[in-house]
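Protein chains in written order, with this note's numbering: chain A, 1 to 648; chain B, 1 to 648.
No wet-lab data here; the hints were simulated from the structure. Everything numeric in this text was worked out from a predicted model, so none of it was measured. Mixed in with the good hints, there may be bad ones.
A pair holds if it fits inside one copy or across any two, identical chains being indistinguishable in the list.
Under the rule of at most 16 Å between Cα atoms (straight-line distance), these lysine to aspartate or glutamate pairs were calculated in the EDC-like manner [as the list claims (entries may be wrong)]: (1) 545 / 99; (2) 544 / 97; (3) 572 / 93; (4) 545 / 97; (5) 442 / 474; (6) 572 / 261; (7) 621 / 364; (8) 174 / 549; (9) 472 / 462; (10) 240 / 393; (11) 538 / 364; (12) 538 / 99; (13) 110 / 25; (14) 544 / 99; (15) 502 / 106; (16) 514 / 534; (17) 103 / 541; (18) 544 / 98.
Number of protein chains: 2
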Amino acid sequence: MPLGERSGDDKNDSRYCGVETDFNDDMPHLLSFNLHGGFDFVVAPLMDPTYRPSLLENGSNGAGVLPFAGSDLVLSPAQWSGHVVGKISSWIDLDSEDEMVRKDSEIALKQEISWASHLSLQACILPTPKGSSCANYARCVNQILQNLTSMQLWLRIPLEKSDDDSGNENPDHKIDSWDLWNSFRLLCEHHSQLSVALDVLCSLPSANSLGRWFGESVRAAMISTNSFLTNARGYPCLSKRHQKLIVGFFNHSIQMVICGEQVHSLCPGNPDSRANNTDNHNEGVHLHPLRSYLDYVAYLYQRMDPLPEQERFEFGYRDYLQSPLQPLMDNLEAQTYETFEKDTVKYIQYQRAISKALLERVPDEEATTNTTVLMVVGAGRGPLVRAALQAAEETGRKLRVYAVEKNPNAIVTLHSLVKLECWEEVVTIVACDMRCWNAPEKADILVSELLGSFGDNELSPECLDGAQRFLKPDGISIPSSYTSFIQPITASKLYNDVKSHKDLLHFETAYVVKLHRVARLAPSQPVFTFAHPEYSTKRNDRYKKLHFEIPCDTGSAMIHGFAGYFDAILYKDVHLGIEPSTATPNMFSWFPIFFPLRTPVCVQPGVPLIVHLWRCCGSTKVWYEWCVSSPVSSPVHNTNGRSYWVGL
Amino acid sequence: MPLGERSGDDKNDSRYCGVETDFNDDMPHLLSFNLHGGFDFVVAPLMDPTYRPSLLENGSNGAGVLPFAGSDLVLSPAQWSGHVVGKISSWIDLDSEDEMVRKDSEIALKQEISWASHLSLQACILPTPKGSSCANYARCVNQILQNLTSMQLWLRIPLEKSDDDSGNENPDHKIDSWDLWNSFRLLCEHHSQLSVALDVLCSLPSANSLGRWFGESVRAAMISTNSFLTNARGYPCLSKRHQKLIVGFFNHSIQMVICGEQVHSLCPGNPDSRANNTDNHNEGVHLHPLRSYLDYVAYLYQRMDPLPEQERFEFGYRDYLQSPLQPLMDNLEAQTYETFEKDTVKYIQYQRAISKALLERVPDEEATTNTTVLMVVGAGRGPLVRAALQAAEETGRKLRVYAVEKNPNAIVTLHSLVKLECWEEVVTIVACDMRCWNAPEKADILVSELLGSFGDNELSPECLDGAQRFLKPDGISIPSSYTSFIQPITASKLYNDVKSHKDLLHFETAYVVKLHRVARLAPSQPVFTFAHPEYSTKRNDRYKKLHFEIPCDTGSAMIHGFAGYFDAILYKDVHLGIEPSTATPNMFSWFPIFFPLRTPVCVQPGVPLIVHLWRCCGSTKVWYEWCVSSPVSSPVHNTNGRSYWVGL
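Taking the hints into account, I'd like the entire structure generated from these sequences.
Below is the structure:
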């Protein structure tokens with residue numbers, strides 16, 4: 001039973017809640033008890049926890065039957081795979097100093113995973129590594145992963161791990177459990193079937209430290225009953241910080257699992273408190289002892305704000321890598337124009353900028369005599385022409401518009417639009433590449449929308465350099481400037497998607513992507529700025545070196561690449577952009593861009609991350625190169641634009 | 001003219017000495033002056049050092065002719081490529097804060113390299129990066145490297161670099177120039193055409209710090225005249241440490257280049273000292289001002305000890321990667337037997353061990369009555385049979401020998417050997433795999449030589465486990481135990497050779513290789529030990545975690561992989577092995593083994609290097625897995641033996 005429905009929720013992505021159980025060889029009973037108790041699945045041990053392979057060999061039970069929790073036939077295949085997550089024996093310790101324990105652990109781990117595969121379970125939870133070292137455990141899991149068809153392995157990692165196993169003298173010394181996970185997954189080479197089950201306990205690390213997990217492959221949150229507080233009515237509830245974390249998990253489609261003993265006496269079974277439990281929708285029925293925890297988690301889910309319309313629209317694009325458009329080399333298709341033209345916020349900003357420019361350029365007393373020449377370069381199917389005409393109407397200024405467009409297919413639409421709207425007197429359509437058009441007169445205002453997710457990445461600078469020939473010396477370009485931004489991110493999902501192509505090309509390509517399962521590790525910083533018109537002889541290649549400082553309370557962090565954005569100043573204070581801290585609300589024309597790193601870079605607390613970005617211009621193409629030079633030097637990516645470029 | 005001949009030197013590898021010159025547009029004169037002065041080549045600027053692209057554009061000389069040192073026709077193609085190394089303008093600074101300097105630098109660098117390629121020069125020397133940052137320089141060089149046919153680029157790196165460019169407050173602060181090189185070559189992805197020209201100045205860093213360079217691709221040593229001392233007779237000479245370094249360079253085929261002004265007044269041109277210069281073989285002729293430095297370097301070369309015979313024998317194998325033998329799956333060829341049988345040192349050790357065992361097992365009074373049963377398992381073409389019989393003769397003990405060999409081709413040779421030597425009474429030949437032979441009696445002594453470079457890597461443990469069935473309970477195995485060892489090394493040449501295959505398989509293979517151009521960064525440590533006979537139920541899989549501490553005065557170091565060795569105890573104090581600190585002298589049967597890392601790991605001073613090695617046994621094969629877990633976690637290499645294994 002899912003956690004409930006939210007208005008406007010993503011329908012295909014219901015959230016479920018499971019429960020961790022002890023070993024029980026009566027699986028049918030275990031399952032029905034917990035499903036009737038309202039849980040969707042059980043996290044159940046598959047093997048008797050007293051089993052040790054070495055004991056069996058010596059005092060064998062003769063039959064050679066491993067002490068699993070029932071045969072595969074006690075549940076239907078659908079029950080096994082739909083409602084049971086295997087819990088691998090928690091005594092397993094592959095990095096023990098004791099060789100016998102290591103050998104027993106390896107044998108048992110392989111037996112249990114093999115059994116879980118036989119049952120077609122969707123996932124098994126692996127116990128937390130015992131000490132601070134996990135290489136032998138990771139080696140064994142990595143061997144297993146190579147032959148695993150579809151089952152997921154979720155490594156259980158506590159959000160905070162105290163160093164009690166290693167006899168550290170300082171009892172407050174905490175191991176950063178993220179380091180343990182990072183080491184484990186590096187040893188397993190970011191295997192896509194290896195994920196995390198996070199143990200949520202009563203104390204939580206800093207928000208920055210927690211934030212890292214949203215860039216990792218976290219599949220389950222194991223919420224201990226001990227982490228719950230008690231509300232005024234005696235019911236379990238969570239601290240504000242815990243609530244926020246749980247909501248974050250919901251937003252990232254992470255399953256919940258309730259763990260531990262019932263610690264709130266109000267729950268059914270306690271006759272004193274039961275009379276007060278008026279919310280109980282199963283009154284009189286013998287309730288599951290952990291039901292009140294489940295109810296609270298469901299309550300948190302149901303009271304979440306509905307997804308904003310834009311997020312719903314973009315839901316299907318989350319973390320899906322797209323190659324950037326090449327609008328200069330390729331002609332856009334009708335569907336693409338259609339999508340972009342729906343972005344009313346963008347055209348409202350353009351209209352505001354044009355209005356402002358018209359008012360400043362033409363005083364009120366000249367409004368009826370002075371005709372402003374406005375050229376839309378890259379007019380597409382006409383949305384900017386409409387914005388310009390609306391600005392003229394709004395301000396009472398006279399306009400002569402040239403709509404310059406190189407795509408012959410868009411020209412067809414433009415012609416019928418002009419006819420339909422009776423704009424023939426005002427608008428001249430020019431079917432020409434702006435870089436070679438011979439304009440009949442010079443323009444007061446040059447309006448363009450040639451921006452990519454990273455600002456200049458669709459070659460707006462090169463196009464406008466070509467177009468500014470027909471701008472008057474005091475003419476205005478809208479936009480007047482634009483700046484790109486980047487920030488380092490953890491994005492294991494994107495990294496794995498890039499890696500799955502198994503070639504260099506995909507690691508040296510920038511992608512347009514609706515970032516969701518990422519951790520943003522430091523504020524974004526400006527990279528390249530282009531201003532228009534630009535009359536100096538300055539070329540359009542650029543170089544920028546950026547120092548990022550990741551907040552120290554984050555702990556170590558993994559950089560899988562960089563999120564890129566832009567902000568454009570259309571005219572004076574009218575801007576438009578997707579840089580997170582200043583993003584124009586409710587605009588959907590641009591997703592961020594993602595520059596991957598061929599080898600993820602791990603940054604320790606206090607160590608600067610230094611990133612270099614180049615914009616390189618050749619005779620037929622423009623491309624970016626990028627690298628990291630601190631804490632370690634990466635290769636320079638995309639040398640000579642060998643993998644990814646934008647054609648001129 | 002090479003630096004001279006050494007007795008027993010590697011003939012195909014003469015050493016040459018060049019000289020660094022100023023810019024001179026009379027190249028024919030410059031070259032003939034220096035060649036007549038005794039130098040083999042010049043390191044000469046190719047372009048007028050006052051040239052700046054930005055100055056040319058503004059106050060152009062009209063003709064568009066770049067100010068190169070003469071046209072390509074002033075020297076013959078052979079002269080250009082045989083005697084000129086291009087020296088790229090030293091003003092170039094691609095990481096300047098000044099954008100104009102950066103742009104000028106990039107244009108000039110590309111023009112000069114393009115010109116050098118046009119001249120078919122073998123190499124150009126790139127100036128030392130100016131500050132501590134070099135990313136833009138490396139980006140530009142990396143772009144150039146992608147299109148360079150065969151020319152080498154040697155980045156000039158001082159052995160010690162003071163931090164004078166960056167305005168550091170502490171004037172004694174030294175940048176470790178190796179870090180600069182390491183960063184540069186990582187940015188250029190270990191490109192095989194990018195090497196180092198080391199600047200040798202008067203002060204030298206620690207021996208450990210210097211040692212790192214012998215694992216790098218160093219092509220030239222630029223010895224400043226300032227680094228020379230003056231001997232009692234007024235001649236230039238070098239300190240003991242400098243001498244040792246230069247000899248190290250000679251041993252690594254690194255070219256010498258004399259740089260700087262004449263600073264020793266004794267040289268020709270100073271009439272006071274000239275009369276004393278009786279060594280001078282060009283008396284009366286106008287000598288090159290740097291001739292005395294050249295003579296000293298040639299003297300150092302000529303007085304080097306000749307290469308030992310074994311080194312000469314192994315010269316052609318230096319740094320040449322070989323796949324390890326699979327003697328169990330494949331039968332060895334005659335040529336391989338031939339080579340191994342020549343290793344007399346090895347058989348002398350075996351004979352000593354057998355003699356010792358015979359004397360201890362059979363008291364003098366039983367010498368004529370007690371016949372010892374000795375089995376050679378893996379007898380090959382008989383060298384151990386011979387060693388056993390010689391030991392029997394030497395000790396006066398009686399022997400019955402079984403020679404067990406699975407290779408039917410070697411059996412042919414064994415039969416004719418036994419006939420030729422009239423051993424029929426004593427030696428029984430058994431054509432059988434030792435793992436399945438039914439022995440007619442039990443052995444007192446089991447002799448085998450199944451060791452690989454890494455001890456157990458040719459499956460000696462598995463073979464002897466099979467053979468110990470026919471050893472008496474108190475019987476002796478020779479060898480009685482063996483241990484493998486590893487140590488971390490810098491080995492950029494080997495890394496590049498592995499990388500050139502462009503696949504995972506080669507990065508997960510261990511190679512047999514005569515290590516030469518490597519830096520050994522820490523003493524080797526024992527890994528796996530096997531003792532025979534072994535009657536416990538212990539399996540032959542093993543796991544070892546090793547902590548290496550690289551001496552702090554080394555500075556940062558790059559680990560390209562691990563050198564592996566073995567040491568075997570044949571019997572009591574008679575051992576045999578290739579572990580460097582205890583290696584058996586003059587034995588050539590085994591080169592070390594090399595375990596590569598897919599991504600080289602850089603270790604900062606004081607940070608431990610933690611390495612894990614596994615020996616894994618399956619039903620049909622045995623393999624190693626390995627990884628690093630500190631300072632960063634590498635992937636586990638060769639999971640499930642997917643790339644490299646030894647067949648059972």
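Legend entry - Same-copy or cross-copy closeness of residue 544 to residue 99 [CA-CA at most 16 Å]: Intra 53 Å, inter 11 Å, cutoff 16 Å: inter-copy only.
Legend entry - Within, between, both or neither: residue 572, residue 261 at alpha-carbon 16 Å: neither (62 Å within a copy, 61 Å between copies)
Legend entry - Status of residue 541 relative to residue 103 across identical chains (alpha carbons, at most 16 Å): between (59 Å within a copy, 10 Å between copies)
Inset, instruction - Have a look at residue 472 and residue 462 and pick one of within, between, both or neither, based on CA distance no larger than 16 Å. - result: Answer is neither; intra-copy 18 Å and inter-copy 87 Å both fail.
Legend entry - Same-copy or cross-copy closeness of residue 545 to residue 99 [CA-CA at most 16 Å]: between (50 Å within a copy, 13 Å between copies)
Legend entry - Status of residue 98 relative to residue 544 across identical chains (alpha carbons, at most 16 Å): between (53 Å within a copy, 13 Å between copies)
Legend entry - Same-copy or cross-copy closeness of residue 240 to residue 393 [CA-CA at most 16 Å]: neither (51 Å within a copy, 89 Å between copies)
Legend entry - Within, between, both or neither: residue 572, residue 93 at alpha-carbon 16 Å: neither (64 Å within a copy, 38 Å between copies)
Legend entry - 16 Å Cα threshold - placement of residue 549 relative to residue 174: For residue 174 and residue 549, neither the intra-copy (23 Å) nor the inter-copy (25 Å) Cα distance is at most 16 Å.
Inset, instruction - Could you figure out if residue 621 and residue 364 sit no more than 16 Å apart (CA to CA) within one copy, between two copies, both or neither? - result: neither (45 Å within a copy, 90 Å between copies)
Inset, instruction - Up to 16 Å between alpha-carbons, please classify residue 514 paired with residue 534: within, between, both or neither. - result: Classified as neither; 32 Å inside a copy, 61 Å across copies.
Legend entry - Within, between, both or neither, where residue 538 and residue 364 count as close if Cα-Cα is 16 Å or less: neither (37 Å within a copy, 98 Å between copies)
In this structure, the hints that do not hold are numbers 3, 6, 7, 8, 9, 10, 11, 13, 15 and 16, in rising order.
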